[in-house]
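Colleague: Take a look at the letters that make up each chain.
Protein chains: 2
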Amino acid sequence: MIDNRIMNNVTPRRPQGFQEYLPAQQLQFDFMIEKIIEIYRLYGLMPINTPTLELADVLLAKGGGETEKEIYRFSKGDTEYALRYDLTIPLARYVSEHKNDLTLPFRRYQIQKVWRAERPQKGRYREFIQCDADVIGSSSIGHDAELIAMAADIFRSLKIGKFTIKINNRKILSGFIEEIGLSDKSEDIMHALDKIEKIGRDEVGKILKGSGCGDDDANQLLDFVSITGSNDTILNKLEGYKIKNKQFAEGISDLRQVLKYANELGADDSVCSLNLGIVRGLDYYTGTVYETTLDDRPDFGSVCSGGRYDDLTKYFSKSKLPGVGISIGLSRLFAALLESGEMMPSQEPVEAFVANFGAGSREWALKISNDFRAAGIRTQVDLDGDKPAKQFKYADRLKVPYTVVVGEIEAKNKLVQLKNMSSGQQEELAIDTAIIRIKNHES
Amino acid sequence: MIDNRIMNNVTPRRPQGFQEYLPAQQLQFDFMIEKIIEIYRLYGLMPINTPTLELADVLLAKGGGETEKEIYRFSKGDTEYALRYDLTIPLARYVSEHKNDLTLPFRRYQIQKVWRAERPQKGRYREFIQCDADVIGSSSIGHDAELIAMAADIFRSLKIGKFTIKINNRKILSGFIEEIGLSDKSEDIMHALDKIEKIGRDEVGKILKGSGCGDDDANQLLDFVSITGSNDTILNKLEGYKIKNKQFAEGISDLRQVLKYANELGADDSVCSLNLGIVRGLDYYTGTVYETTLDDRPDFGSVCSGGRYDDLTKYFSKSKLPGVGISIGLSRLFAALLESGEMMPSQEPVEAFVANFGAGSREWALKISNDFRAAGIRTQVDLDGDKPAKQFKYADRLKVPYTVVVGEIEAKNKLVQLKNMSSGQQEELAIDTAIIRIKNHES
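Note that the protein sequences, when read in sequence, are chains A and B.
By the count of the working numbering, the first sequence reaches residue 527 at its end, each step adding exactly one.
By the count of the working numbering, the second sequence reaches residue 527 at its end, each step adding exactly one.
Fair warning: there could be bad hints in the mix.
Which copy is meant is left open, so a pair is good if it fits within one copy or across any two.
To be verified - Within a straight-line C-alpha distance of at most 27 Å, the following computed BS3-like cross-link-like pairs (lysine-lysine) qualify:
1) Lys160 to Lys206
2) Lys119 to Lys328
3) Lys246 to Lys498
4) Lys496 to Lys344
5) Lys183 to Lys483
6) Lys250 to Lys206
7) Lys153 to Lys197
8) Lys326 to Lys183
9) Lys119 to Lys197
10) Lys471 to Lys344
11) Lys243 to Lys451
12) Lys498 to Lys250
13) Lys474 to Lys183
14) Lys160 to Lys498
15) Lys160 to Lys146
16) Lys404 to Lys471
17) Lys153 to Lys474
18) Lys404 to Lys183
19) Lys206 to Lys183
Derived from the structure by calculation, the hints contain no laboratory data.
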């Protein structure tokens, strides 16, 4: 018989830009997701999970744009499918499809993968996980503040080091543009100003002039988005402009309110920082906008962005549905943490390993593992009948905090030898006592 | 300005066979996943998560077969991609790719979606979630027993009603086929016998004869897989055959051992049932095989299947890697539970709603929500300034167990009105007292 293993051998490998982790890293990643979910739930958000494949005409309802060539799409049978590239279009589709079954305001979280055929680069993958939270069906900016407080709670609980939630309100810049008589170029100006951190003032100046802004206007705009200072200083400077424009005034008043509420919810000026340079590229946003950076790793860009929009379901429904949302780019955040070695300390994957050798020891080891698990201790037991040295080596590699050793004598006496792997101490105990020791992390 | 909402309107809908749940159902589904993960971890398994898209030549390394036409595959740029149709091939690819970084035996769980372009039918979707657990790199059947015990723990904790884990060992039937001199037809016979529950004895008889089995052989085989009785009865009947075939004898001894160990781990004969009719269609299995059915919903088929294989990485590596695995079909299980109304009682999605109206009440409500969340209470607060009646109606729809009502007076006195929504009782309390009431579920 010909061995078809040799005939068929294929090199095991993944497509470019598709990331996966080793088990210990994956566990860390999963802990971060669990933490995020815990806090989303504390804020009373509900989960949704949408299909990976959407109908191409639905996903592309928005049409055109730069994203389109980055979308994975294909036909099978009569159907044209596309893989989602964010969680916002699927949310809009979901809310439109199920609107009769949802109570507004609808508070949802969604943690799923998205796909973009971008050129892979540091912290950017073709498949990555987004953790979105949105409150839909309310225009009240109280929700804008609540999402900021929630993001701050999440980043604090993930122990990722210092972070800054940069906040702005697009009405301010819109109002300013209106005031200086450039409303017809508003979209171009916003797109240009959004790039100021990336390409610098001079380059943005050139783009502005290319869009038909005069030198003075360009400089005014650039000065405007570069206003710095404490939150109060910025608000005072804005009011110093004495602009009567309605949007401008609303933007300032909204920002004050958002900061006030966020503060009441525990996100004070030490994490919230007004930044008039935050414009967000998407035309979609109409009010508050946010970006979040890690103070020690600004090079990783924003790890949590979002904002307020006034019409989520534009392409699927005639009724307007306003809302506000944030999206945590967990894959990117994780890459930053891995690189800086600042990974949050995780749960021990396995707390106890039960080594066993000699007559009757296997049965006794199974009983021990059963009791340990019933007590909530994550337990592995040797089932291979390996030699003692090999079993201990395996326990070492597992980095397990406790090893239980049972041989013929322990099996007969219904006892265990419990070894604390860091102190090296070993003691003969009853199962119940061993359980207490392990649960209390005693030596 | 032309309103492009009207121009672009697309009907919000999903591709056929792609399921999604309403938020309350999704929460139930997520709780089930969390329970499964908790138990996988108690057994010392580690998570992996592989990319949705694999390279087509890698995913199809196994080649041919019925599954091939059910695979979603497509090209983008120079790359041919395919969506995984199970979690086993990705596991084989993962283990082969990362073998130098893994310690054997490698115990992994993986809970992800898979895709098959089958005709959608009851409990079967084109996208569904599998919860796999495998122990790789060991031939010891102790692991086979441990996975049975783990599955039993999971099904008990999910409160899905009575279930039966049907167990067999392919060596027994292989040995029997060898004994009656039909080894050359072994594969065809196994495939035919696998269908006995679906199409019945007569139809399988016809297929067997079509494959060249004589009438006597066909009847012998059909009688063999139809042996019933308690586990002991079946084992005794098998031994009664007095067959000296090596595989046959090994199969019986393996089964006895697996049942004994499973019993030590708490999965006794009330949940483990020997069933010689369980063959599993895949050629891949070489030893223990399992299927699990819900006693009250046998029509949903197996909700947890698996078995032992002797060469996981056949297509990617020349070294043999034996293992054993189970796969819980959670989407199907969930469909069965939804239909029978036997859904496990879930956590309250939101435990407290803070209604607020009147001067100063918003700020006080925010402070209350902040304290509640810090105490671990899942809380929503009205941020829309709706009229009292609308806020109460929203709280009713949320099915929240407690509503906190704060108006001008409560804000001034720093108190809350806590209303138990099921008893209707309402009382004026300090925040701390209200927190204790809610945490203790007091009226």
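Colleague: All the hints need checking, so say for each whether the structure fits it.
Modeller: Hint-by-hint comparison with the structure:
Only between protomers do Lys160 and Lys206 lie at most 27 Å apart by alpha-carbon distance; the minimum there is 22 Å, versus 34 Å within a single protomer. Proximity of Lys119 to Lys328 under the C-alpha cut-off of 27 Å is found in neither arrangement, the shortest distances being 45 Å within a copy and 58 Å between copies. In this assembly of identical chains, Lys246 and Lys498 lie within 27 Å of each other by CA distance neither inside one copy nor across copies; the values are 51 Å within and 33 Å between. In this assembly of identical chains, Lys496 and Lys344 lie within 27 Å of each other by CA distance solely across copies; the values are 19 Å between and 68 Å within a copy.
In this assembly of identical chains, Lys183 and Lys483 lie within 27 Å of each other by CA distance solely across copies; the values are 18 Å between and 50 Å within a copy. Taking CA atoms no more than 27 Å apart as the test, Lys250 paired with Lys206 passes inside one copy only; the shortest distance there is 23 Å, against 49 Å between copies. For the identical chains of this complex, Lys153 and Lys197 are neighbours both inside a copy (18 Å) and across copies (25 Å), given an alpha-carbon limit of 27 Å. Neither within a single protomer nor between protomers do Lys326 and Lys183 lie at most 27 Å apart by alpha-carbon distance, with minima of 43 Å and 67 Å respectively.
For the homomeric pair Lys119 and Lys197, the shortest alpha-carbon distances inside one copy (17 Å) and between copies (22 Å) are both at most 27 Å. With identical chains, the CA atoms of Lys471 and Lys344 are at most 27 Å apart between copies only, with a shortest distance of 23 Å across copies and 65 Å within one. For a Cα distance limit of 27 Å, the shortest separation of Lys243 from Lys451 across copies, 24 Å, qualifies, whereas the shortest one inside one copy, 38 Å, does not. Proximity of Lys498 to Lys250 under the C-alpha cut-off of 27 Å is found in neither arrangement, the shortest distances being 61 Å within a copy and 32 Å between copies.
Proximity of Lys474 to Lys183 under the C-alpha cut-off of 27 Å is restricted to the inter-copy arrangement: shortest distance 19 Å between copies versus 59 Å within a copy. For the homomeric pair Lys160 and Lys498, neither the shortest alpha-carbon distance inside one copy (62 Å) nor that between copies (62 Å) is at most 27 Å. Within a single copy, Lys160 and Lys146 get their C-alpha atoms as close as 23 Å, and across copies as close as 22 Å, so both meet the 27 Å cut-off. In this homomeric assembly, Lys404 and Lys471 come within 27 Å of each other (Cα to Cα) only across copies, at 22 Å, whereas the closest approach inside a single copy is 69 Å.
In this assembly of identical chains, the alpha carbons of Lys153 and Lys474 never lie at most 27 Å apart, being 53 Å within a copy and 45 Å across copies at closest. When the C-alpha separation of Lys404 and Lys183 is checked against a cutoff of 27 Å, the pair qualifies only within one copy, where the shortest distance is 12 Å, while the shortest distance between copies is 53 Å. Proximity of Lys206 and Lys183 under a CA criterion of 27 Å is satisfied inter-copy only: 25 Å between copies versus 39 Å inside one chain copy.
In this structure, the earlier hints numbered 2, 3, 8, 12, 14, 17 are contradicted, and the remaining ones agree with it.
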